[in-house]
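There are 2 protein chains.
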Amino acid sequence: MSDHPLTNANGLTEAQFLATYDADAYEHPSVTVDMLIFTVMDLEQNNYRKLPQKSLQLLLIKRGEHPYLGQWALPGGFVAVDESIEDAARRELYSETNIEDLYMEQLFTWGAVHRDPRTRVISCSYMALVDRTTLDVRAGDDAADAAWFDVSYTIEAEHTTTTEQGMETEKRVRIKLQNEQETLSAVVRIVESVQGRVKKLSREIVESEGIAFDHSIMIEYAIERLRGKAEYTDIVFNLMPPLFTLSELQRVYEIILGKELLAAAFRRKMADAVTETDEYTKDAGHRPSKLYRYNPEWSHK
Amino acid sequence: MSDHPLTNANGLTEAQFLATYDADAYEHPSVTVDMLIFTVMDLEQNNYRKLPQKSLQLLLIKRGEHPYLGQWALPGGFVAVDESIEDAARRELYSETNIEDLYMEQLFTWGAVHRDPRTRVISCSYMALVDRTTLDVRAGDDAADAAWFDVSYTIEAEHTTTTEQGMETEKRVRIKLQNEQETLSAVVRIVESVQGRVKKLSREIVESEGIAFDHSIMIEYAIERLRGKAEYTDIVFNLMPPLFTLSELQRVYEIILGKELLAAAFRRKMADAVTETDEYTKDAGHRPSKLYRYNPEWSHK
DNA sequence: ATAATAGTGTCTGTGAGACATTATCAC
DNA sequence: GTGATAATGTCTCACAGACACTATTAT
Chain A
1 MSDHPLTNAN GLTEAQFLAT YDADAYEHPS VTVDMLIFTV MDLEQNNYRK LPQKSLQLLL
61 IKRGEHPYLG QWALPGGFVA VDESIEDAAR RELYSETNIE DLYMEQLFTW GAVHRDPRTR
121 VISCSYMALV DRTTLDVRAG DDAADAAWFD VSYTIEAEHT TTTEQGMETE KRVRIKLQNE
181 QETLSAVVRI VESVQGRVKK LSREIVESEG IAFDHSIMIE YAIERLRGKA EYTDIVFNLM
241 PPLFTLSELQ RVYEIILGKE LLAAAFRRKM ADAVTETDEY TKDAGHRPSK LYRYNPEWSH
301 K
Chain B
1 MSDHPLTNAN GLTEAQFLAT YDADAYEHPS VTVDMLIFTV MDLEQNNYRK LPQKSLQLLL
61 IKRGEHPYLG QWALPGGFVA VDESIEDAAR RELYSETNIE DLYMEQLFTW GAVHRDPRTR
121 VISCSYMALV DRTTLDVRAG DDAADAAWFD VSYTIEAEHT TTTEQGMETE KRVRIKLQNE
181 QETLSAVVRI VESVQGRVKK LSREIVESEG IAFDHSIMIE YAIERLRGKA EYTDIVFNLM
241 PPLFTLSELQ RVYEIILGKE LLAAAFRRKM ADAVTETDEY TKDAGHRPSK LYRYNPEWSH
301 K
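Just so you know, the sequences run in chain order A and B. According to the UniProt record's numbering, the first sequence is numbered sequentially starting from 1. According to the UniProt record's numbering, the second sequence is numbered sequentially starting from 1.
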């Protein structure tokens with residue numbers, strides 16, 4: 001690295017120093033990646049004229065080993081010493097989805113001392129977004145116990161206490177994960193305190209049914225981030241197929257943001273983010289809709 | 001954890017499994033924290049009537065050991081197996097600033113395989129914001145080689161190539177760190193590519209003078225984050241003293257955002273974020289200004 | 001008086017919310 | 001025609017950019 005024969009306090013050059021460096025002088029933690037793989041699915045619809053409802057889905061793996069045997073966990077695995085964290089995340093993502101190129105983003109690194117009962121494990125969480133139509137129904141070959149769960153995020157309680165020096169806001173968020181076979185649920189308590197000018201944020205699991213480790217916290221965090229980014233980036237398009245209608249896009253925004261949007265305003269805002277095509281939907285029991293594609297030249301207003 | 005006598009495929013209960021678990025079956029990386037400690041300082045001013053210019057400052061430590069001996073690095077250190085990552089970050093922050101309660105936020109975890117020539121090191125970067133007035137001039141006791149550097153962030157080149165499948169935007173950002181003794185500099189190349197609907201972002205050091213490891217990338221990333229958050233959170237108040245004038249606040253926003261703001265609009269936007277006091281500045285060669293404090297009840301519009 | 005900053009008033013354009021209206025399909 | 005969604009038109013309100021204007025201090 002250095003092109004001068006610099007020596008340290010012991011008179012060693014860099015090459016000499018590195019040759020004697022002992023990386024195992026103290027105990028190291030293990031490092032893992034945990035993947036939050038989201039997609040959006042159409043729910044079955046009995047009325048052929050109505051549009052299908054959209055549902056936000058998360059991929060989980062049933063644990064076949066202790067700890068949390070039989071519960072559901074985020075897909076993930078250890079980071080090898082000869083691969084970057086991002087490569088490890090891509091490897092995990094590929095092994096679950098069989099797709100090479102997917103949107104993926106690092107979220108947060110979780111480092112509480114006892115978050116894994118086996119040993120000290122630091123986990124770096126990544127969020128990936130998949131378009132359901134390009135995805136195999138069966139997610140991953142080897143993952144026999146992988147399953148998609150419908151995700152719901154509900155704020156069950158929120159109250160603020162004002163003290164002399166500042167204030168504290170406590171929020172309880174229920175995460176509910178459901179599919180035909182299983183219903184998992186957890187409550188995460190989020191405390192944001194402002195003392196003087198110092199703000200602190202902490203998350204803690206208050207209740208957990210069927211979700212392994214601290215993964216309900218990771219899920220809560222990821223949904224908050226997804227919501228936040230949906231509002232000021234084009235992240236949502238990663239959940240869309242190549243061609244989509246504007247009301248499909250709107251419905252995806254709606255389930256992510258957890259609120260209804262007005263069609264007129266939504267179309268105006270999205271006008272520059274999409275390119276129209278000549279194609280239309282057909283065979284719906286109502287007026288066909290023009291199909292659009294994402295416009296990568298969009299500059300985010 | 002589990003209150004049923006669940007057994008795994010080998011017939012072991014959780015307690016039996018954990019007793020035989022070998023965490024050292026494979027090699028582990030080292031994990032460190034690196035701290036980006038920012039503050040805002042007044043620059044000396046020769047004209048007594050003019051307001052002093054503000055300057056964004058970053059704390060760096062001169063390396064006294066290989067590798068990068070003699071270069072400047074972010075303060076940081078290894079995460080011990082019995083402390084959380086956040087505790088390690090707080091410990092480092094305290095040892096540099098002698099202040100217990102400071103704003104601190106996890107930024108990103110850097111995990112390239114060869115980012116440290118000694119061994120495989122994964123580093124979790126944290127940003128901390130300090131109000132200069134509550135800070136000792138001498139940062140930390142033991143850190144004899146700690147120094148504050150004025151930070152400048154300049155986009156030197158930016159161009160977009162459109163291909164058939166998507167586009168690629170390349171940006172070169174120069175980070176310049178200066179104080180009375182030293183001038184450090186680096187250029188970071190940031191490539192954002194959109195292929196189809198898949199977006200990827202990568203950062204790489206193109207040029208580096210006097211900045212150790214991949215720390216210029218961490219600095220570039222932190223400034224981008226600070227800018228982003230300045231626009232939609234109250235993060236900037238962590239850089240302010242308890243009492244401040246609105247134009248001081250505006251000048252802090254201006255150096256962070258790197259652009260000038262209109263006073264009238266700024267004051268309107270900030271009206272609900274601050275509480276006015278009865279105090280005023282004095283002895284300036286011009287009209288005194290009302291002093292304000294941060295209003296923690298502010299709800300971000 | 002002067003040079004500086006502090007602080008206010010107001011016009012204008014943009015964009016989101018709200019809601020009404022028209023268009024178009026399968027059956 | 002009916003029932004559904006698609007798509008557009010338009011009013012209003014909030015707010016940011018722009019800039020002119022007034023206020024107040026130390027020297």
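Just to be clear, a hint being listed does not mean it is correct.
Because identical chains share one entry, a pair is satisfied inside a single copy or across any pair of copies.
Unchecked claim - Derived pair list, reagent style DSSO-like, types lysine-lysine, alpha-carbon separation capped at 30 Å:
hint: 1; residue 1: 199; residue 2: 269
hint: 2; residue 1: 171; residue 2: 290
hint: 3; residue 1: 54; residue 2: 199
hint: 4; residue 1: 171; residue 2: 229
hint: 5; residue 1: 199; residue 2: 259
hint: 6; residue 1: 171; residue 2: 282
hint: 7; residue 1: 199; residue 2: 229
hint: 8; residue 1: 259; residue 2: 229
hint: 9; residue 1: 200; residue 2: 290
hint: 10; residue 1: 200; residue 2: 269
hint: 11; residue 1: 290; residue 2: 199
hint: 12; residue 1: 282; residue 2: 200
hint: 13; residue 1: 200; residue 2: 229
hint: 14; residue 1: 50; residue 2: 176
hint: 15; residue 1: 62; residue 2: 290
hint: 16; residue 1: 259; residue 2: 176
No wet-lab data here; the hints were simulated from the structure.
Violating hint indices (sorted, rising): Hints 2, 6, 12 and 15 not satisfied by this model.
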